[in-house]
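Sequence lines, in order, name chains D and W. Heads up: the first sequence at position 53 corresponds to 53 in our numbering, and the numbers run straight through without jumps. Heads up: the second sequence at position 244 corresponds to 1244 in our numbering, and the numbers run straight through without jumps.
Derived from the structure by calculation, the hints contain no laboratory data. There may be inaccurate statements among the hints.
Here are the simulated DMTMM-like pairs of lysine to aspartate or glutamate, each with C-alpha atoms no more than 25 Å apart in a straight line [said to hold, decoys possible]:
1. D/K28 <-> D/E218
2. D/K256 <-> W/D1272
3. W/K1116 <-> W/E1069
4. W/K1207 <-> D/D123
5. D/K256 <-> D/D84
6. D/K115 <-> W/D1156
7. W/K1071 <-> D/E142
8. D/K107 <-> D/D123
9. D/K101 <-> D/D3
10. W/K1116 <-> W/E1144
11. W/K1071 <-> D/D155
12. W/K1207 <-> D/D49
The structure displayed is predicted, hence computed values, not measured ones.
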Amino acid sequence: MRDVTRVAFLGGIYSNYLALDAAIRAAKARGVDAIWALGDFGAFGPHPDRSVELLREHDIPGIQGNYEESLSSNAEDCHCGYTDPRDNHYAQISYDYTFAKTSAAYKQWMGTLPKQARLELGDQRLLLCHGSPRQINEFLWESNTPTPFIDRMLDANDADLIVCTHTGIHWQRRDDRGRGVVNVGALGRPANDGRTNVWFAILTSGPHGVQTEFVPVEYDHERLAREMTEEGLPDEFVETIRTGWWTTCLEILPAKERARGQF
Amino acid sequence: MSQLVQIAPLAPAEGTFPAVPMLGLDTLWFQVAGTICNLECTHCFISCSPTNHAHAMMTLDQVTSYLAEAKRLGVREYYFTGGEPFMNKSIFEMFEAALAQGPTSVLTNGVLIKDKTAERLQALSDASDYSFDVRISVDGYGPEDNDPVRGAGTFDRIVEGIAALARVGLNPVITVTEVCGEAGTRAGRTRFIELLRSLGLAQPRLKILPLLRIGAEEQRARGYHKWESLAGAHLTGDELAALQCSSCRIACASGVFVCPILIDAPGARMGDTLEATLRPFPLEYSACFTCHAEGLSCAT
Ligand code: SF4
Ligand code: SF4
């Protein structure tokens, strides 16, 4: 068996099967040894089963996000972890749609996925999780995840690198030895930066340790926007896909991340 | 800013009580201005005022030494409260020290925030990789609701403080406590968001505190009942983990207490260092009942 040296990590897909398809191609074109999906396959976008079909067709291993946990246990909401009433209003629309449109067999399959996974890449021990190592829906944003706290999480979990998603904005902070956090961002919606592309991450181990590459993914976002409208999803969601600015789930953003966005 | 909730007596009730475990110190509070405040709100649960010296101001040395300990322990976030934090002369140095190692919030009544203060806060925020949040509380939607509680003329001064922050590009979180009936409604919310926009905040961040405070006030008015305690109660692991005291502590000039709510309860002082307080705490106070029943958290 060939050594695994290059792995792609896909963050929240949120039913954006068009971006998922483009990301899988981009990852393969870059010669990855493996692709991992870090949960939240459905949400926000149209036709949730299409993303699951793609993951299964390509044999992509995955871990559960809060969506998979909720869908597979017939929960009444997504447990996204929002606290604001407007955020929760839109989160509920997204969850109800996704719940209704996800097939029973896929829901059951989601429940069979692990909640975390471990990988070794070069000399680094990776811990893959959706939110944080201790909580599936904990938000690790760049501006509220301080270095001492990262060290505490790594020590508590015997890991060198936490690879996570859940926030929807990619970032990383790693020390000289490469220890730290890589939040791989999301394929499901843009990074609240006024651009329509979405992101995933590739980690490559080499002579200088494990390097991170954040990969921008262009896809047919107009088509996704049309399909979302056809499916009756909120105009606010469609606007995000078309403009690259978040219009919902804003109150959970820390001050710095909020200030970079339009709304 | 200590208008979090009205609380019944701070003497422990009788009986056997569940103990909350310390799951990991995520949130460290600083009672940085002690109980000294420039206002004297009627609902202040620790009765802060210009002359209440029950808790002293913290010194810069005290704060930095707790910060050093917090760094070793991997604390995630810092909150500064009082009294009124801006009454502390070293407050900017304290913010700077905290922002060097983690995201930081200050709970203030806002009336001391003039243009110069706002500029310094903006510079501190810019210089840090971490988020800096200024949280300002208002009681209701205008002077008619706010001033009877916070003092004559305070609504206008609070609003001036918010506008000063907006002018330098800082975006405070505004907490509205529900004292008037429409605060929780969509119309009330919209009206307040419009007010914040008119003050120059393009992305209003509004948090409406739920009705729990009113419920708690009613409880207080009724007086303390024995059943309003966790005596004999069994809390599940998840319920205990949901209490803020499973992951927070508050440093005061006189030592480290279990949580921001109980700083007037001598039995809630847990030690001189943070490390010494990383142990379970028995939930003996009627305030603990309120926390559990209402899902209260000071960090909003
Ligand atoms: S502003 Fe001062 S008096 Fe009013 S609630 Fe806050 S600490 Fe108490
Ligand atoms: S008052 Fe609330 S936060 Fe404080 S110890 Fe009791 S339950 Fe915990």
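Exercise for review: Hints the structure violates: just list their numbers, smallest first.
Suggested key: Violated hints: 2, 3, 4, 6, 8, 9, 10 and 12; rest satisfied.
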